[in-house]
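Enquirer: Dock the two chains into a complex; use the hints.
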Amino acid sequence: MKQRHYSDLGETLYSETLDNGLRVYLLSKAGFHKTYAVMTTDYGSIDQSFVPLNGTEPVTQPAGIAHFLEHKMFEKADHDAFDTFAHFGGSSNAFTSFTHTSYLFSATHHLKENLETLLDFVQDPYFTDKTVNKEKGIIGQEIQMYEDDPNSRAYFGTIANLYPNQPLADDIAGTIESIAKITPDDLYLAHQTFYHPSNMSLFVVGRLEPSETLAWIKSNQTAKQFAEPAPIRRILPPFSDQIIEHKQLVMPVERPKVTIGIRGMDKLPVGIERLKYEDALSLGFTLLLGETAPDFLSLYDQGIIDDSFGYNIELQRGAHHVIMAGEADDPAAFENALSDILQHADDKLAAAGDRFEAVQREAIGSTLSSFNSLEAIANQFDDRLYGEANLFDEVGVVKALTMSDVISTMQQFIRTASISVQEIVSGH
Amino acid sequence: MPKQLAKGVWLNVIPTTQFKTISMTVDFIAPGNVRELSNRILLAQLLETSSADYPTQTSLAQKLSMMYGASYGVNVFRYGLQEGLRFSSTIINDHFIGGESLLNEMVNFLHSVIYRPLINDDAFETVTFARQKQNLLAYLKSLNDDKQYYAEQQLSQLYFKNEPFFATSLYGDAETINGITAHDLYAIYQHLLATNQVQITVAGDVSEADLVAALTNWQLKDRQIQTSELIYRRPETEIVSKTEGQPLQQSKLNMAYKLPVYYRDADFYKALVFNGLFGGTPISMLFKNVREKNSLAYYASSRFDGFTGTLLVQTGIDQSNEAAVKTIIAQQLDTIANGQFSDEVFNQVVASLINGRESRLDSQRALVNQVMLDQLLHSSVSATEWVKRIKQVTKEDVAMIAKQVHLQATYFLKGEDAK
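Protein chains in written order, with the numbering used here: chain E, 1 to 428; chain Y, 1001 to 1419.
Note that these hints are calculated values from the structure, not bench results. Given the structure is predicted, the values throughout are model-derived calculations rather than measurements. Hints may be right or wrong, so weigh each one.
What the hints assert, rightly or not - Calculated pairs, DSBU-like style, for lysine-lysine (alpha carbon to alpha carbon, straight line, at most 30 Å):
{"#": "1", "chain 1": "E", "residue 1": "247", "chain 2": "Y", "residue 2": "1414"}
{"#": "2", "chain 1": "Y", "residue 1": "1293", "chain 2": "Y", "residue 2": "1403"}
{"#": "3", "chain 1": "E", "residue 1": "181", "chain 2": "Y", "residue 2": "1403"}
{"#": "4", "chain 1": "E", "residue 1": "112", "chain 2": "Y", "residue 2": "1288"}
Looking at chain Y on its own, in the form it has when it is part of the complex (with noise of 0.2 Å):
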């Protein structure tokens, strides 16, 4: 059960014995927007690194190495309309490491790095801001290197032409970023701190009492509860396609689809076994019939996202079989629409799909983040009720969803000889 701490703050606690470990999030939620995506990034980067006790990368890591290697991180993310920026520590349990008692010290090291930044004259220290500025730029400019992630950001750019928020990367907008200044992000740092809801996920073996216990001298305000409408309904647009050449072996054919379904709504698990059926598993069509039957690639998937209502589709091939991938793909859909699919197939791709979902139950970071989310939507599902709900989808039901599946976009990464 939530505790709210002050209004718009949360606390959601997990007791389980199953991990060697304590895991804590500490998450700041606003809806988003293209620049603030990447004021968040700039911010991960530089609050990871330093803060005013642990001013630089060696002192903070010996603290936390004299934690027994207790992790910290902090990183940005997107759930359909909503942002955050996600502070997260993960300690061994104190009887591994006989009876030293680490969460006390870890709640205070979190307080300490979140709301003591190291700073000057009410801005970022500068030479540590510039280091950590010209660090991220590097960073997104040698992500290009990975033409998988290169191809999927291209193809977002495509579909996602008139919302910069969901075509921006979650690694930033190099532009954006390299306009950011110590000074402004400091202000916006203190307003985020100030005003986004508050999300405290603790997960292993405590209790509620003793984080809030731990949490006292933290003094959290209360805050305006933001709107927290997490799904997004793209407009319908005209289809899009875009080829690139780069000197590469392996070519990468990336498609967008709208398929109108979203998180939790009445078709959602419907549209979760169809994923799984046409590209989301490797008994899925794609993966048959791309790589099996055809031997025309080495991975061809498809993913579904329920706070967008978008299907992507992603595979390598080489860069003559463009147009024979592109007809096999399109046949996979009009197979499934036509409920041209066996009843053996179908329940492997409903066992594979409650195989995934109760395997989670089994990753403290899946659970963190399952609570994290429930917490936002004001709702939750339980592992068993979710494969209650797949259970009960019908083959005809995965026709009627491939339907509804239609093509926005085409980005071709094509090799080309290198010169």
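Isolated chain E (complex conformation) (with noise of 0.2 Å):
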């Protein structure tokens, strides 16, 4: 078992990849009750065309079917996981984003029995025509909940304005009609191909101890069967630098929302410098437009935006995008002030430099925190992102970051990337 100390941490990661492939971290917190397990899949609803594992013909499925069979991996022949994972007083729960599923529980006892649930449960599929038309209900009310939650319809579509006819544009959940599709077999096929060992990891976080319990997963791995491992075949979209640049949607809302979707394409580095892009790109935008920024308080002033405003940045497989929010009674002042910032973001930046050893400060601070919870910890750990290097090195990275480094990623990002607005506004 590798072991790696983090001292500005105080954290000591343990990882382990199995003969099967499965990547296992480990990480024990003193003091803490509970264990977070989170055992994630790389397949997410982008993922809709492939070769399958053993195949020759590439296949392509219904949009939805990650996040259908996300739900459906909790019913077997004659239980339901939840159930099992409760009688250890374990809580379970899933999640499906654009290229990943994950599978978590947490429990303050029973730690083997629970994370023996978690792998069994995640290994082995069952579905028939009956269980499977049962979930198109379920997952029916769940895509109408959404359909009626401005802030979602605002987020998704704003993801499909800047990747139109890509499966990004796809819902994660689907359609119904294109839930409707889905059958037995086309789950038994994408839980084949994306959920072999080599395809997943196992993050555990809080009581533990790390060689006992590497040693239970071993045991529960060593007594299954897989296939050998082979490489994931995805069939990805060509390259389409179109985007749709702009777009309103008419619903009931109180006041009108906006999302400005900002597309990066540039290419990005990879290992640790993808990383530092990551952070430098963060630290320039709350340069711009944190709270710390003298155009936040000009435009909050002048009421163009409120405290609804926020911005995320978003990095994936594949794709890299700034996504900016808020709530506007003038939905084009909002626009046009927003636009102008970025148009203008060198010369803004370029007197940004006394305030940025307080954001570097925040950035490290607010990393720090998220070390305090065990979800945030296991969820937001990817292995594959930024090759060797992980939320680990956060802290790391943005102690070593200059003004110059945000600078020259803000132009790299900026200069080639695409703008397109969403508009959600109610029809009188």
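Expert: Structural data, given as structure tokens:
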């Protein structure tokens, strides 16, 4: 088992890749009462087209299948995994993003039994026509719930504007029409291809003893047979830099909502340089639009933005973008003001040097604070996006950043980026 | 152990090395009333964004950023009959930031934002006041776009139609807020600072002595100790129901029941297990039967409030299924009242509740909250004791609780086609 101590965090991360390819990470947290475990596959809503494991011909599956599979993994022939966790006091859940599907539990007792339940239910699919069709009603309600939620519509609408005609444009849950087509065979095929241990990781954090925990995991995994690991063969759509610049959606909202998406077209660096890129971008946007920025105050005092304004930097497999969102009584003023700031980002950053230390300190504190939360540590951890680097390197990376790193990264991003605006307004 | 800094002013310190941060809250607590609640909500909005020393968000944010992104927030809480204005801040432990101690800086910062508000001639500074009032009103309006919140709020207004203090949301009442002036609010704030019970709660790698030293220049004055009765025993009323149509894809069916069991009463632990079995967990009867078995909802759950003896049910369903869902919900109550549930599911619920309680020991915020509440109640129940009491609950106890549940109000937000 590998062991790495991060002195600036006071944390020691243990890791090992098992013979079947499963990447295991263990972090013991002194003083904690519960243990949180999350098992993640590198498979999300965008992975609709692929060559199946042991297959030769590409297939394209219905939108929403990764999320549907997530729902259906819990139900087995004679029991529900929720109940098995509950039997051992474990609380379980799962979530699907564009690029990942994660299964989790947290428990203050019976760690061994809960871990085995997690490994077993994720690796043992059971689907029938009856159980699959029943789920269509439940997910149908979930889709409709999000259809009524203007914030969700604004976010996913913006992503769709930034990546039209690409799998990213589909809602993670799919549509009522797309999920109607899902069959048990589709689910088995997706599971067989993407849930191979070599495409998955397991992060366990909290009250645990690393070598004992690893032994439990190993003993569970060596008792199971898996196909030979093979590289995942995703079929990616041809690259397109096309975007939809402006879109308006009419739905009954009390106040207009505006979302501005900025899609990066630049090529991302790899490894720890990518983490550095992400953090530099984050500091850059904080300097431009964070609460310490003079422009923030000026727009706030003019009533163009208010406390609902926020932005997020998102980097994922195959895409990166910045999303800015807020409510605005005057959407045009909101859009013009923000696009003006982006256009003059160079000058504004050149004048922001005296605030650099403050935003750098804030970023360090924010990463350190996130290590209070077992969920935050395990959910944010991504062991592939940044090569050998990960969340644990972030404080060190932020400390080493300079103002000129921030300026050059912002230039690289903004120079080639495309901008899209999504408005949500009521009809009258 | 709590330390009384002055009459009606309490300091509770929870020394722990479990977290990377030190969390501090300063609570001003008084018996609640409906006008006062909205006053506090506007105060929170105003005091979170400005003070005499930090007159703009920018200056406030710059200060917090330099303190390694210290958090700062002001919010309002309501526990039964009591309401509180809470100032909170969290800083990083000094040994993660090269030994620079932020504790005194945080304590001084909180003193500055609490006791030196941005004022002009015995009133809150008018431009900032007007801006924040407008922002709060705008926020209140847009909250209605969250239909789960909206349905819950509508139900609350039905259920507590004779008790406006409870019917008002914790985001305030727009009409009341609209009528508040900068001058009146400042006077109200001065009165609050002088008369409210004060509870200062700190969790982190600090000692009580550190805090007592850091707090010396606060010069907190004695105040009258007010009644701290928390429990509200709502009288039983006629059943009321309301249906409202809106252009929505998903309908919301929310129901309120009276369950006359109160926080830390002898029956309280039985009611918690009952709620876990009925709808409070993902292994509950509501989740199993409304969602899993009949595929009628994405969410179907219940919540129990021991400060008012209220059981709330919320579901997101298709508009055509209202009657079917009501029937299933009523059946689940009967089934529990008749003791028709397995030992296995009962044990699962008990194990889940214990997991939830013990997990709260890993949240700095939950620790602070619990200590604050214990101080307000002048009693405490440790996690160990809590677990012991939950384990004593029997299936018969839970059936007995189900018999005490009485429907009082139903609200249906009916999805209709957009025009």
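Enquirer: Residue 1293/Y and residue 1403/Y were given as a pair; does the straight-line alpha-carbon distance stay at or below 30 Å?
Expert: Status holds; Cα separation ~24 Å.
Enquirer: Taken at face value, is the distance from the CA of residue 1414/Y to the CA of residue 247/E at most 30 Å?
Expert: It holds: about 29 Å lies between the C-alpha atoms, which stays within 30 Å.
Enquirer: Checking one constraint from the list: CA of residue 112/E to CA of residue 1288/Y, max 30 Å. Satisfied?
Expert: Holds: residue 112/E and residue 1288/Y sit about 26 Å apart, inside 30 Å.
Enquirer: Are the Cα atoms of residue 181/E and residue 1403/Y separated by 30 Å or less?
Expert: 45 Å, violated
Violated hint for the displayed structure: number 3, the only one.
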